[in-house]
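Assemble chain V with the ligands onto chain F, guided by the hints.
Which chain is which? The protein sequence lines are F and V, in order.
67 is the number that UniProt numbering gives to position 67 of the first sequence; each next residue is one higher, with no gaps.
78 is the number that UniProt numbering gives to position 78 of the second sequence; each next residue is one higher, with no gaps.
Treat the hints with caution; some may be incorrect.
For chains that are exact copies, the list does not tell them apart, and a pair is met inside one copy or across any two.
Unchecked claim - 20 Å max Cα-Cα, derived EDC-like pairs, lysine to aspartate or glutamate: (1) Lys125 to Asp106; (2) Lys30 to Asp58; (3) Lys154 to Glu165; (4) Lys154 to Asp51.
What the hints contain is simulated information worked out from the structure, not anything from laboratory work.
The structure displayed is predicted, hence computed values, not measured ones.
Number of protein chains: 2
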Amino acid sequence: METAIAGYTYGSDAVARSPLSAEEFDLLKKTVLFGAEDERYLRLAGEVLADQIEAVLDVWYGFVGSHPHLAIYFSSPEGVLDTEYLTRVRARFHQWILDTCNRPYDTDWLNYQQEIGLRHTRAKKNLTDHVRSVPYIGMRYMIAFIYPITATVKPFLANKGHSAEEVEKMHQAWFKSIVLQVTLWCLPYVEPANF
Amino acid sequence: METAIAGYTYGSDAVARSPLSAEEFDLLKKTVLFGAEDERYLRLAGEVLADQIEAVLDVWYGFVGSHPHLAIYFSSPEGVLDTEYLTRVRARFHQWILDTCNRPYDTDWLNYQQEIGLRHTRAKKNLTDHVRSVPYIGMRYMIAFIYPITATVKPFLANKGHSAEEVEKMHQAWFKSIVLQVTLWCLPYVEPANF
Ligand code: HEM
Ligand code: HEM
Numbered sequence: 001m002e003t004a005i006a007g008y009t010y011g012s013d014a015v016a017r018s019p020l021s022a023e024e025f026d027l028l029k030k031t032v033l034f035g036a037e038d039e040r041y042l043r044l045a046g047e048v049l050a051d052q053i054e055a056v057l058d059v060w061y062g063f064v065g066s067h068p069h070l071a072i073y074f075s076s077p078e079g080v081l082d083t084e085y086l087t088r089v090r091a092r093f094h095q096w097i098l099d100t101c102n103r104p105y106d107t108d109w110l111n112y113q114q115e116i117g118l119r120h121t122r123a124k125k126n127l128t129d130h131v132r133s134v135p136y137i138g139m140r141y142m143i144a145f146i147y148p149i150t151a152t153v154k155p156f157l158a159n160k161g162h163s164a165e166e167v168e169k170m171h172q173a174w175f176k177s178i179v180l181q182v183t184l185w186c187l188p189y190v191e192p193a194n195f
Numbered sequence: 001m002e003t004a005i006a007g008y009t010y011g012s013d014a015v016a017r018s019p020l021s022a023e024e025f026d027l028l029k030k031t032v033l034f035g036a037e038d039e040r041y042l043r044l045a046g047e048v049l050a051d052q053i054e055a056v057l058d059v060w061y062g063f064v065g066s067h068p069h070l071a072i073y074f075s076s077p078e079g080v081l082d083t084e085y086l087t088r089v090r091a092r093f094h095q096w097i098l099d100t101c102n103r104p105y106d107t108d109w110l111n112y113q114q115e116i117g118l119r120h121t122r123a124k125k126n127l128t129d130h131v132r133s134v135p136y137i138g139m140r141y142m143i144a145f146i147y148p149i150t151a152t153v154k155p156f157l158a159n160k161g162h163s164a165e166e167v168e169k170m171h172q173a174w175f176k177s178i179v180l181q182v183t184l185w186c187l188p189y190v191e192p193a194n195f
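Bound-form chain F, shown alone (with noise of 0.2 Å):
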């Protein structure tokens, strides 16, 4: 199935290597408090999620596309949105919603999380589709982006029948999860000193 997705090289040696040792990642999720209830209450938002990822991907991709400042980092650099590059990205995305739920964060999971952020920067951007567009994401929106894709998914969560007191602990993990990988995402962007 996997294989299947187009540009998805999770666990192959194409994928770039995180240069975050062990202990450093460990520490990282020390400071974003993530432990095993994390991670269970992750695999239990995989299951709630599990028939409503492409619902998920429409609010997200809906927003994106009525921001002009946003879509146009899924255009040419004449600002026309390359329809293909979106249907390409999103399968990959459909991928990572049940890759946050249900993988291990081991070294592969931690080496992918460097590939996504390379390839939200100049490095890598543009490269896996073959597309011509604009060649980077500003990390000014890698961060922001940690709100909306945090709130939204919510309802989602509620959408299965679960507690009140269980929803917010999905979602208190997938907010975990997403400053996790976000604050590794940006790793790329800037001279391994100051980061």
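Below, chain V with the ligands without anything else, positioned relative to chain F:
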């Protein structure tokens, strides 16, 4: 009152200037969905938090103090905690909670965010309090702190008898503001062309 806080230079000529244009700032606010309703709920949060700020700071300082990888930033290069440094920064942190809730996010505010960002980087850390400490805070922890600084404030917002809906709206406004501010604070960490 304000001039009594050592090193708090808000609105003065000593503050750095933000390189962001008003339009760029506006796009960031749009990206975190920050609007007039959030301003209203931040004002309410300001009222709710007013007599609880030291308790909030106790939680945050407890978190930093119990994690050696965070406490080093308030310590000498040899690792001895500098309690005077902690105390001086705490007074500005107190004021920052008030500012986050009560100030208009105008040019003075935007400039002070640039100043706060710089005070976490090699450019300005330690200068304000004339201390000898580690030279900068890694950008990774600036972003990662979005989680604890957002999550830990919620119980305090619920302490004054507001409805669950009002508490949630105050908390969302706080969350948006934290993401917005951390985004601004990360500006001096990167090449302008990558921000
Ligand atoms: C929390 C923030 C974000 C999340 C969770 C996120 C998620 C993702 C994921 C999962 C992928 C595919 C990774 C892969 O190739 O396997 C991706 C790629 C991409 N994202 Fe993001 N993203 C974020 C921020 C942004 C922002 C702010 C934009 C700007 C509109 C953006 C635009 C893109 C583009 C254009 C690609 C394709 C990059 C390429 O050419 O390979 N992303 N993103
Ligand atoms: C959401 C993240 C953070 C928030 C809201 C925050 C807030 C603040 C505030 C309001 C100040 C005082 C600003 C002024 O001078 O008026 C400050 C300074 C400081 N913060 Fe942070 N901070 C964050 C991240 C961090 C992290 C991760 C550390 C590491 C433990 C840290 C350590 C410090 C230190 C050492 C200072 C004093 C800097 C100086 O020498 O002037 N902060 N912070």
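So which hints don't hold here, by number, going up? 1
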